[in-house]
Structure formats: structure tokens, C-alpha cells
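Protein chains in written order, with this note's numbering: chain A, 1 to 370; chain B, 371 to 727.
Be a bit skeptical, because a hint or two may be false.
With the Cβ distance kept under 7 angstroms, some of the chain B side facing chain A (calculated, not the full set) [to be verified]:
1. F383
2. G385
3. R386
4. D387
5. L424
6. A425
7. L428
8. L464
9. E465
10. V471
11. A474
12. A481
13. S614
14. I618
Bear in mind the hints are in silico, worked out from the structure with no lab data behind them. Glycine is no exception: its CB is placed at the ideal position from the N, C-alpha and C atoms.
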Amino acid sequence: MQDPPIVSAGAWPVPPALPEPIATVPSAAPPRVPHRFAFDGSAGEYFRIWIVNLALSLVTLGLYSAWAKVRTQRYFYGNTRLDGVPFEYLARPLPILAGRIVAVALFVGYVLAGQLSLWLQIVLALLITLLTPWLLVRGAAFRARYSSWRGLRFRFVPDYGQAYVRYLWLGIPLVLTLGLLYPYVKARQKAFLVEHHRYGGQAFGFEATAGHFYPPYLIAWAVMTAWIFVGTALLTGAAVALHRPGAEPPTALVFGWMAVFYGGYFAIWAFLAAAIGNLVYNHTTIGPHRFESRLQGSRLLWFYASNTVAVLASAGLLIPWAKIRLARYRAERLTVLAGGSLAAFGAEHGEDVDATAAEIDSLFDIDVGL
Amino acid sequence: MTTQPTPLQGSYFDGRDGRRHAVDVDLAHGRLRLRGDRIERDEPLDALTITPRLARTLRTIAFPDGARLQLADAACLAVWFPHRNRLEALVDRLERYYQAVALAIVVCLGALVAGYLWGIPWLADRIATHLPARVEAALGDQVLALLDRTDLDASALDVGRRTELADRFAVLAAGLPDGADYRIVFRSAPSIGPNAFALPGGTIVVTDELVELFADDRQLDAVLAHELGHQAGRHALRQALRGSFIAIAAAFFAGDVSSASAVVVAVPTVLLQNRYSRQFEDEADRFAYAHLAGHALSPSWLGAALGQLETDLPDDASLAWMSSHPATAARIARPTPPAPTSSRAIRSWPTRSPVSC
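Excised from the complex, chain A in its bound form (with noise of 0.2 angstroms):
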């Protein structure tokens, strides 16, 4: 449990020896230092940012989307700080410009597809299928070249081999097992991403297993599966009382149905989304150091539910004060667990990125939250 399972592929440059040591590290295990991460935006502040990113990306067509994309993310990164030190976000607005005309015209091209002949939709999306091993690597490499923190680079080694058997070869056992190996096929590919980060000459380690992935899958499969025993119960039995010879079902009735698997759905998947993140950072370690994150299920079903409210509500413009608030609490839920200095990080070597594949793995959705 302690000796982290780091899969080294055996390549990455040794890091060069520092020049002089930086801060003695005791022998014995030393007491671990809480360093909380802080957020510091503020909704009216980002409001103003967001606002004139969204009118000058409109006036100009789209044009401007990659500079406005790259101040939200310098606002998000450089409020975020850990050790009172900010996160950098490096990328320029060029290369994500060209990257996201890419996108977007994939993404036309895939809807359009669908209106005009279903089997030109189902080839594209075999190709995207094909090729989403491939994005998601390309994505965290340039999500990880470009972010900084002390003046230094995280960095994403990509191993497309390991990429497509997580991604896409597991699949099939998936799909023949019907589901059941989802929690270990999930552990796989966290494993994967967390194991190929790096970070000052340090590797990410992630000691999560399969095992501590099926608990909270089973509980929410279990209480979904209740909820929709009980549900369909409880409405079969109202729309029996409320039944008049002849007539169709009230739509109240079907909208009562929909509310209730919806919620459910809704609820249980906070729910999760709070345990797997909880699971993925409690047992993800760099160097001496671990991490603890402590998410609330019911904070942050809270959160998603008010905000999608509030969003629908203002016609959009609550959007920023919704993102500010969730921001905010991920950031002060989450801690390092300094075994020892946070400064003794040494510098990473990693090539430039393509900007594309990060485009494109955000617009159509795919899960690579770490």
C-alpha cells in the first residue's frame, strides 16, 4: 500500500542532481505539513472577463474564442494557488485558434452528417472512436506542457500503446461482461492518466486499485437500481388511482416520471462524481508528497443543481458566478500533504504540443478529469 506502483516505461531523462541540497528530509517518515489549495476569483470579476470574451468572440465570428479561452484559463489558474504560490497557464491563442477551426469543423461536419445520412454519421463516429486514445494523450500533453506552477512545467509522457488499450481495447471485455468491469477499466485509465504525469523531475504514483473503484460504482448501481423499483412503484401505483376508464395517462404523470428518474440520476451521479474524485486524489502521491481531497456529495449536488438554475434562470449570465463558486469549492477541498519541502521540484523537458487535440477532446466531451 505504501510503495507507490509506478509503471516506469523506462524513458524519461534522470533529473539532473540539484546543485546543493535544498531542504534536509528527515530519514523517519516525517510528519506530513497540510498545504490547502486557495481560489481567489471572484464572480463580478470574472463576469466582466466573460462577458467581453463572449462579445468579442461573437463580433469577430469565433476568431477571438482562443485569446478569450486563454484569459479565462490565465483568471482560473492564476487565482488557483497552493503554497501562496499561483498556477501559470502558458499556452498562446494561436495554436488553440487552429486547433478549435479544426474542431469545430469535425463537429459540423458530424452533426450535419447525421441529418443527411446515419451511416456517414456511424463511420465518422467510428473514426472519432478510433481516434480518441490518440486525442486524449495529445490533450493532456498540451493541458500539462502549458500549465506551470514555481516556475516550472508539468509534463505528460505519452504512451499511445497503454492510451489505446485503456481506452479502446478494454471496451470489448466491457461490453461482454455488460458493465460489470466498469469500475476496473475505470481504475485503469486514472491510473493511466495520473502515472503519466509529471511534474519537477517527479513522477505521479497512483495506488488506487480496481478494488477501491467497485464499492462506490456498486452503491450507486444499488441505489439507482432501487430508486427505480421504488419510483416506478410509487407512480405505477398513482397512475392506477388516478386512472379513468378510457382516457390517456395525465401528463403530469409523465412528467412526474421523468422528474424522479432524472433526480435520481442526477443526484446519485453527484454523488459518485464526489467519491471517484475523493478516490483518485487520496491516492494519488508525487515524490514524498500525497494529496487529500475531501468533496461532499451533497455540496455538490447542491452546487450543480442551484447552479443549472440559476444558469437557466439568467439566461446564461449567471454562468460565471456558477463556475466561480464550484471553482472555489474543488479548490479549497483539495490538499497537499507535504512530506517535506514543495520547493525541492527540479525542471521537466518536454516538447511543444499541438494545440488540436486538446480542441477537440473538450468540445465533444470526453471524460479525462483527472
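Chain A is fixed; fit chain B onto it per the hints.
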């Protein structure tokens, strides 16, 4: 070039390790001067880049060797680094003026409304006019094949009756610009009930239930004239394209909200598309009135047909906000074609491509 009386405070990272060096920063003889915490560095300003100003976030001065200096924004930085990042400097000013922010709100909401009212219909119609007829016909065939697999069965009407109705249809369709492309097909559809819909490419589907509902064939003529109105305006294709654009726009919107997206966005998407659909229904109604008059049939037959449908399938008030059709009452009452007055539905038709009656 003057030396600052009180130097700025910053954090210096050399880019080789993660140590933070607290430094004082000022300008001396055109060179940035860093002093403090084991750091002594002078660098000509020309060799440095600085991140654009952004709200209260720290600014970063990047050195050519990868070292970075983070410091709070200060007025003198604009003096030391003039003419850098002009575009973002302008954007930064806009963000700080509340008049500019107010204007941005107006632009965004205006673009949202204008794009929906005019932009999407215009773009979709441009594409529709340039799409080859072959593609449109293929699309229609596909929709019909899909419906045949799901909701539609072979017609149970006898052949003589179908031929008779098809002949009436041929008379109605004769003389229309694309009349040769229009054809009528009959299907049994217990799950849909009395209905008729126009598919892309000229096919009009009539359910057995609709034929059996009407006592007088002229009522069916009136409904067919309405469907011909959909065909003449290529409504099915245009609706499909508009729907696609709404879906694309919604995807971008949802991507921004990111959480909770799919389900929540689906509902407004349907509502937004229904407005387009109601416009097409009104247009088809107007076409039907004129067309019936041209065939020496009273436009009141359409009202009679809708009245019959109404008796059979009363409007469901609780679904008013889901309407894809103008209110039947409004359509019957209409002596000449006015603008839609209310928004109740005859019935809502769940698929995206066909335009139902």
C-alpha cells in the same frame, strides 16, 4: 528612465528548481534589476516578456533563460513595458469600464436573440437551397425507413380506396413547381393515431387512422393541401437543418456550463425548435387556404378537418409550452391567415425530421 523610489516586491523562480526567491524589483539604466534572497540579476527590458494584465492576478515577467518573476500589477509596469500585448491591453481596459461591460451584455443577449430569430433560419435556409435534391430525397427515404421499422405498419386500407385517394392527391399536386416529385404513401400507425406528415424530398405519409377519421374526402384534401404547403416550402429539410444548428449551439452552451449538461439542455432545445416549427405550420396553413381556393374548395375544410382532429384528440393544456403547432382553436377560427395567437398543440410529434399536420 528613472529609478523607482520604492522597489516592487516579487517572487523569482529560476526555472531550474522550485525554490521561491523573494526579490525587490526596480529599473536602473534601462535594465530590470532584481535584488534579494541570493539573487542578483540585471536584464535589459528588451529581452523580457510580460504577461498581459488580467484582473487582480499576478503578472509574470519571463526571462530568456526560462526564469520567471511573479509580481502584483503596478502602474510602473505599464511604463516599463509599453506597447506590449496591445490587443489584450485593450481587452483589459474594456473589462474595467462598466460601460463597456454593459455594452458587452447587450451585444451578447442581442446576438443570442438575433441568432435565434434570424441567424439560424437564414443559415439553414441557405444550405437547404444549395443541397442537391438527390440528398434531400435520400434523407426522406431514410426517415421513412426508420419510421417503418418503429411506428408504421403497412396500410390496411383496400387498394381501391388508396388509388382513389392517390388520384385526388395527384389532382391537388398537379401544377405545383415540384409537383412531379410529390407522392403520397399510406401507413397504419396505431401508436401515432390520425396524422399526416411531410418528409424531405416530396413524400407525404398519411395514416389509415386519419383517412378513417374523416367523413368527407374534402377534409383529407384540406390536410393534404397543408402538407403540400410543407413540401412547397421544403419545411422538413429546413426544420432538420435548423434543429441541427440549435443542437450545435446548445452543445457549445452546455460545454460552457459543463456539469449537468445533457438532460438540462435537451428541454430548452426542444422548446426553441418548436418556435420554428410553428412558423412552418402557419406558412403551410396559409398555403393550404390559397391552394384550396385555387381548386374551388372552401378553405373552411381545413378548419373542419382540424375540428374533427380536435374532437378526437383534445389539446392537452398541460403540454402548452411544448407545442410544435399553433393552437387548433386559433387555426380553425382563422378566417384569413393571421399571426399565431396562442401556443397550444394539436399533438406533439416527437421526431425531428418529418413535419406533421
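Evaluated hints:
With a cut of 7 angstroms, the hint placing B/F383 at the interface with chain A holds, because the nearest CB-to-CB distance is about 3 angstroms. Using the Cβ-Cβ criterion of 7 angstroms, the hint placing B/G385 at the interface with chain A is satisfied: the shortest such distance is roughly 5 angstroms. A distance limit of 7 angstroms between C-beta atoms decides the matter here; for B/R386 the minimum to chain A is near 5 angstroms, and the interface restraint holds. A least Cβ separation of about 5 angstroms between B/D387 and chain A falls short of the 7 angstroms threshold, and the interface hint therefore holds.
Because the smallest distance between the Cβ of B/L424 and any Cβ of chain A comes to about 6 angstroms, under 7 angstroms, the interface hint for this residue holds. This hint holds: B/A425 has a C-beta 5 angstroms from the nearest C-beta of chain A, less than the 7 angstroms allowed. Interface restraint check: B/L428 against chain A, minimum CB-CB distance 6 angstroms, threshold 7 angstroms, status holds. Because the closest C-beta pair between B/L464 and chain A is about 5 angstroms apart, less than 7 angstroms, the hint holds.
At about 4 angstroms, the closest approach between the beta carbon of B/E465 and any beta carbon in chain A falls short of 7 angstroms, and the interface hint on this residue holds. Contact between B/V471 and chain A, as hinted, is supported at the beta carbon level, the nearest pair being about 5 angstroms apart and thus within 7 angstroms. Because the beta carbon of B/A474 sits about 4 angstroms from the nearest beta carbon in chain A, less than 7 angstroms, this interface hint is met. Residue-level restraint check for B/A481 holds (minimum Cβ-Cβ distance to chain A is 5 angstroms; threshold 7 angstroms).
Residue-level restraint check for B/S614 holds (minimum Cβ-Cβ distance to chain A is 5 angstroms; threshold 7 angstroms). With its C-beta approaching chain A no nearer than about 6 angstroms, B/I618 sits inside the 7 angstroms limit, and its interface hint holds.
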